[in-house]
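Listed here are the chains, written in short residue letters.
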Amino acid sequence: MRGQTNLFALVVALVLLTGATVVGVSLADAALAGADREPIERHAAAATADRLTAADSPVTTRANVLNASRVAALNASRLRELAPTAGAGDVRVALDDRTVVEWGAPGGGWTVRRSVVVRSRAEPRLIRANLSRRSTVTVPGGVDRATVTLDPGPNTTLRSVRANDRVVLHDGSGLNTTATVHLDRYEPTTLRVDAGANATGRVAVTYRPRIVDDRVLTVTVDA
Amino acid sequence: MRRGQLSLSVVEAAVGVVLVVGVAAGFTAGVAPAPSAEPQLDALARDTATLLGSEPAPGTGDAWLVALARSSASFDRLRPDARERAARALPADVAFRISTPHGTVGYPRPPRTTVGSTTVPTRHGPVTVRVWYG
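In order, the protein sequence lines correspond to chains A and B.
Per the numbering used here, the first sequence starts with residue 1, numbered consecutively.
Per the numbering used here, the second sequence starts with residue 1001, numbered consecutively.
Just so you know, the hints here were simulated from the structure itself, not pulled from any lab data.
Each residue gets a CB set at the ideal place from its N, CA and C atoms; glycine is no exception.
Just so you know, not all the hints are guaranteed correct.
Said to hold, decoys possible - Now the stretches of chain B that chain A is said to cover, found in silico as 3 or more residues with beta-carbon under 8 Å:
#1 1016–1025
#2 1044–1057
#3 1068–1082
Claimed, not checked - Here are a few chain B residues that face chain A, going by a calculated C-beta distance under 7 Å:
#4 Ala1013
#5 Gly1061
#6 Val1115
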């Protein structure tokens, strides 16, 4: 009688212990598998997004400011070169809902979103001025460079060009040239040609206004 | 057996279960915590600060963050535009609050929410950008 009770207790004990072991080990295994797998995707996605938006990235002009034409030139191999971590799995890079680069078919994985602006250049604008009538040309804000063409008339020497009173072009013996000048993009710029009272000739200023669009950059990595 | 003693096997089994569950719990607790939203929100806050810190605010000759921090008058004038600009920069489901020395722009911050934040020094004082899923 005594031995049989002990046998019953032993069976119950073994069942309990086995059950607890199985449940415990499977829980721990699931936790380990999850911990092992996710950081790769997460780090790859975050690192790829960081590389793309960095100030010295080949697709940006400044931090978080993407250049539209360089983004359009991005392909899978260039992206892999830029961010080797992205090679860990299937990757999709998108701006808003438009896919920029994709390889494989990322189904789930980890997605990182970043706020960026995409800057594209509009058609060039040309402003001409006749120096006998006016000597200033105004370029709107947001433009960081312009091309100035100086064509002095007879008996006229143009020595310098100022952008908001900062000298950007100067030649003591006279300017007769086409040159690119860098402007302060934080405010509208007035380009002034230092011409005397009876100066003749022409000045032409060409600049490309920037079009800036807000976008959400999405990087998905599915390892 | 009538004396109410627990069978020794059952006691051993109980000790064994506690041991096994303890070890398994150690694995579960010891591994990295579930991925939180915080790094993602921090990145979005940094992005917003970078964009507002490099983009000229209209009519000021300064970046948004600098113009907001400069003076009370400048802050009041730019506040509606800055709110709209920041809302445009962020994804639609993300709310924000920008704290400057002269006041705040954006939404009130709900309690007990995961918030990503970044602080940018400007020459007129620090500006803090906070974002959260709203």
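Given a cut of 7 Å on the nearest C-beta pair, is the interface hint for Gly1061/B held or broken against chain A? 4 Å, holds
Using Cβ atoms only, decide whether Ala1013/B comes closer than 7 Å to chain A, and label the hint accordingly. Constraint on Ala1013/B satisfied, holds at 3 Å.
With a Cβ-Cβ cutoff of 8 Å, does the stretch 1068–1082 of chain B contain at least three residues near chain A? Violated - the stretch 1068–1082 of chain B has 0 residues with a Cβ nearer than 8 Å to chain A, which falls short of three.
Hey, does the Val1115/B contact hint survive, CB to chain A under 7 Å? Because about 16 Å separates Val1115/B from the closest Cβ in chain A, which is outside the 7 Å limit, the hint is violated.
Three-residue Cβ test at 8 Å for the coverage of the stretch 1044–1057 of chain B by chain A: Coverage by chain A holds for the stretch 1044–1057 of chain B (8 residues, Cβ < 8 Å).
Tell me whether the statement that chain A covers the stretch 1016–1025 of chain B is true, taking a Cβ distance below 8 Å and needing three residues at minimum. It holds, with 7 qualifying residues against the three required.
Checked against the numbered hints listed earlier, the structure breaks hints 3, 6; every other hint is satisfied.
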